[in-house]
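So the chains spell out like this:
There are 4 protein chains.
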Amino acid sequence: MAGFDLRMTAAEVDALMLRAFPDADRETMWKVTALSPGRASIVRPYADFMLRPGGLISGPNLMALADSAAYALILAHIGEQLMAVTSQLTMNFLRGARPGDLHADAELLHLGRRSAVCDVRLWTESPEKPAAQANVTYALPLPTSAA
Amino acid sequence: MAGFDLRMTAAEVDALMLRAFPDADRETMWKVTALSPGRASIVRPYADFMLRPGGLISGPNLMALADSAAYALILAHIGEQLMAVTSQLTMNFLRGARPGDLHADAELLHLGRRSAVCDVRLWTESPEKPAAQANVTYALPLPTSAA
Amino acid sequence: MAGFDLRMTAAEVDALMLRAFPDADRETMWKVTALSPGRASIVRPYADFMLRPGGLISGPNLMALADSAAYALILAHIGEQLMAVTSQLTMNFLRGARPGDLHADAELLHLGRRSAVCDVRLWTESPEKPAAQANVTYALPLPTSAA
Amino acid sequence: MAGFDLRMTAAEVDALMLRAFPDADRETMWKVTALSPGRASIVRPYADFMLRPGGLISGPNLMALADSAAYALILAHIGEQLMAVTSQLTMNFLRGARPGDLHADAELLHLGRRSAVCDVRLWTESPEKPAAQANVTYALPLPTSAA
Numbered sequence: 000m001a002g003f004d005l006r007m008t009a010a011e012v013d014a015l016m017l018r019a020f021p022d023a024d025r026e027t028m029w030k031v032t033a034l035s036p037g038r039a040s041i042v043r044p045y046a047d048f049m050l051r052p053g054g055l056i057s058g059p060n061l062m063a064l065a066d067s068a069a070y071a072l073i074l075a076h077i078g079e080q081l082m083a084v085t086s087q088l089t090m091n092f093l094r095g096a097r098p099g100d101l102h103a104d105a106e107l108l109h110l111g112r113r114s115a116v117c118d119v120r121l122w123t124e125s126p127e128k129p130a131a132q133a134n135v136t137y138a139l140p141l142p143t144s145a146a
Numbered sequence: 000m001a002g003f004d005l006r007m008t009a010a011e012v013d014a015l016m017l018r019a020f021p022d023a024d025r026e027t028m029w030k031v032t033a034l035s036p037g038r039a040s041i042v043r044p045y046a047d048f049m050l051r052p053g054g055l056i057s058g059p060n061l062m063a064l065a066d067s068a069a070y071a072l073i074l075a076h077i078g079e080q081l082m083a084v085t086s087q088l089t090m091n092f093l094r095g096a097r098p099g100d101l102h103a104d105a106e107l108l109h110l111g112r113r114s115a116v117c118d119v120r121l122w123t124e125s126p127e128k129p130a131a132q133a134n135v136t137y138a139l140p141l142p143t144s145a146a
Numbered sequence: 000m001a002g003f004d005l006r007m008t009a010a011e012v013d014a015l016m017l018r019a020f021p022d023a024d025r026e027t028m029w030k031v032t033a034l035s036p037g038r039a040s041i042v043r044p045y046a047d048f049m050l051r052p053g054g055l056i057s058g059p060n061l062m063a064l065a066d067s068a069a070y071a072l073i074l075a076h077i078g079e080q081l082m083a084v085t086s087q088l089t090m091n092f093l094r095g096a097r098p099g100d101l102h103a104d105a106e107l108l109h110l111g112r113r114s115a116v117c118d119v120r121l122w123t124e125s126p127e128k129p130a131a132q133a134n135v136t137y138a139l140p141l142p143t144s145a146a
Numbered sequence: 000m001a002g003f004d005l006r007m008t009a010a011e012v013d014a015l016m017l018r019a020f021p022d023a024d025r026e027t028m029w030k031v032t033a034l035s036p037g038r039a040s041i042v043r044p045y046a047d048f049m050l051r052p053g054g055l056i057s058g059p060n061l062m063a064l065a066d067s068a069a070y071a072l073i074l075a076h077i078g079e080q081l082m083a084v085t086s087q088l089t090m091n092f093l094r095g096a097r098p099g100d101l102h103a104d105a106e107l108l109h110l111g112r113r114s115a116v117c118d119v120r121l122w123t124e125s126p127e128k129p130a131a132q133a134n135v136t137y138a139l140p141l142p143t144s145a146a
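Heads up: the protein sequence lines correspond to chains A, B, C and D, in order. Going by numbering that gives the first Met the number 0, the first residue of the first sequence is number 0, and it counts up by one from there. Going by numbering that gives the first Met the number 0, the first residue of the second sequence is number 0, and it counts up by one from there. Going by numbering that gives the first Met the number 0, the first residue of the third sequence is number 0, and it counts up by one from there. Going by numbering that gives the first Met the number 0, the first residue of the fourth sequence is number 0, and it counts up by one from there.
One or more of the hints may lead you astray.
[Said to hold, decoys possible] Some chain B residues judged to face chain A by a derived CB distance under 7 angstroms, without partners named: (1) Met62; (2) Ala63; (3) Met90; (4) His109.
Hints in this document: simulated from the structure, not taken from any laboratory. Quick caveat, the model's predicted, so the values are computed rather than measured. Even for Gly, the Cβ is constructed at its ideal location relative to N, Cα and C.
Isolated chain A (complex conformation) (with noise of 0.2 angstroms):
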């Protein structure tokens, strides 16, 4: 996409992410994986408390990951601003996801001055079959002078 352009590095938005949810539990916190202009990737490890009666990862942490990586992947392109708060989220359950490493590839469709759209891919076993796509919306904060 035109036009986007990072603030921040990965390992400057992990970094972040433990220093804001310090009693996170690092061995199965989400971490960067890629990052470039418009697009994130994150993964999270495989734990079984993320499974579901039935054996697939659960709905809820599908949606918490598709949440974490359009937030990793819009503060990266607007810097350290942690009151971003999602306005809208919408899951497309595709196939059940299978026990593994949790994989969230996030691009941005649009980065406004008050919000900001990313698709998000969820996969487990490969990147071409996707156990969920998901829409995230989240509102921006508003410049302090505009306060």
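Given chain A's structure and the hints, the job is docking chains B, C and D onto it.
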């Protein structure tokens, strides 16, 4: 709404959930609080682990209860067919969900042979101040004779 | 819903639309039929050109009226600020819309400083048999002082 | 995406549309411009009537083409089964669509026995500057043997 008939009572739905999720913590499990043709309400008792940093109920907990409310509503109308699966969930986050028992009021918009669509409102303070609104679509199991 | 105050009457919204769309055909233009805090209903008179092959009202006509109902509802609450623009529209098609005057009942779920979210039900036969349900999000113009 | 096989060519989809919509204006009808497993692009020639006040392509025209692109993509993969119907359409409006030929690039996210889910990007200026993104879900006709 016209033409909706219940096949289960609130107590039967609660009992079905306990059988389906035998490992669930009964203290924090949601329960059906109201059920009528086309409508169901459920509540999940408040627990501190539902909060995210900032002291509001987390998005994944809101999404999980929206999904559960739709599931309870649909099962109550189609009977014990546990294989109904969520095909889409859209969440509009409207305001921060303050700590408190989490309520979900679900309305059946459409119940077809192959899918069901629900509108769900989530709240802790009062139904007049919804924290989130969701649309949830379930794919329904085909009758055995068509398999 | 709590805390919604009207700033325009139904007649004022209708008059505003005629000024904003001077070329619209007044015979087939929608009109506000009911307006109260948090709720608005509009109707568009039936015309054959609204049909698609198969004899049902076409999807684009349903989507257009859902968007109009949200617009009317929001304007009635924020006053004459024509710059509100749709940022998202989700349509759930529930059953075929048989020929007839097309009604849209809109409910305000949230009205913030920067965005508004509405739930809209569309029907021709009866409100108990909705042809479609929509969620519509509008981005609101920033107050001039913040520009 | 893995596992998608085409059953029709671009020319066959165009011809099917002309037969299905015999009254459509061939000058302004969309045509398939690219088709490969899992992906289809269509374009609708610009015409002044596609504009709304303000000089941008109207929302209903964007939504109609998003739906058409998904329809073309799905038919190309399932063959001549005209009874596929849209069950849900979500539009994210990203920026104003300036006058020009309207392009829609559709990607198949999932093709099941009962439903198909597509991601669609709409643009007039350049694919790098999408005017809107849509998710479109179609309900697929059951095989005759299951009726």
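*asked:* So, as I understand it, the hint says Met62/B touches chain A; can you test that by seeing if any CB pair is closer than 7 angstroms?
replied: holds (5 angstroms)
*Taking 7 angstroms as the limit, does the beta-carbon of Ala63/B come near enough to a beta-carbon in chain A?*
holds (4 angstroms)
*Tell me if Met90/B is really an interface residue toward chain A, meaning its C-beta lies closer than 7 angstroms to one of theirs.*
Hint holds; Met90/B Cβ to chain A Cβ min 5 angstroms, cut 7 angstroms.
*Would you settle whether the hint for His109/B is holds or violated, based on the nearest Cβ-Cβ distance to chain A being less than 7 angstroms?*
Given a least distance of 18 angstroms, the restraint on His109/B is violated.
Consistency note: the structure conflicts with earlier hint 4 alone.
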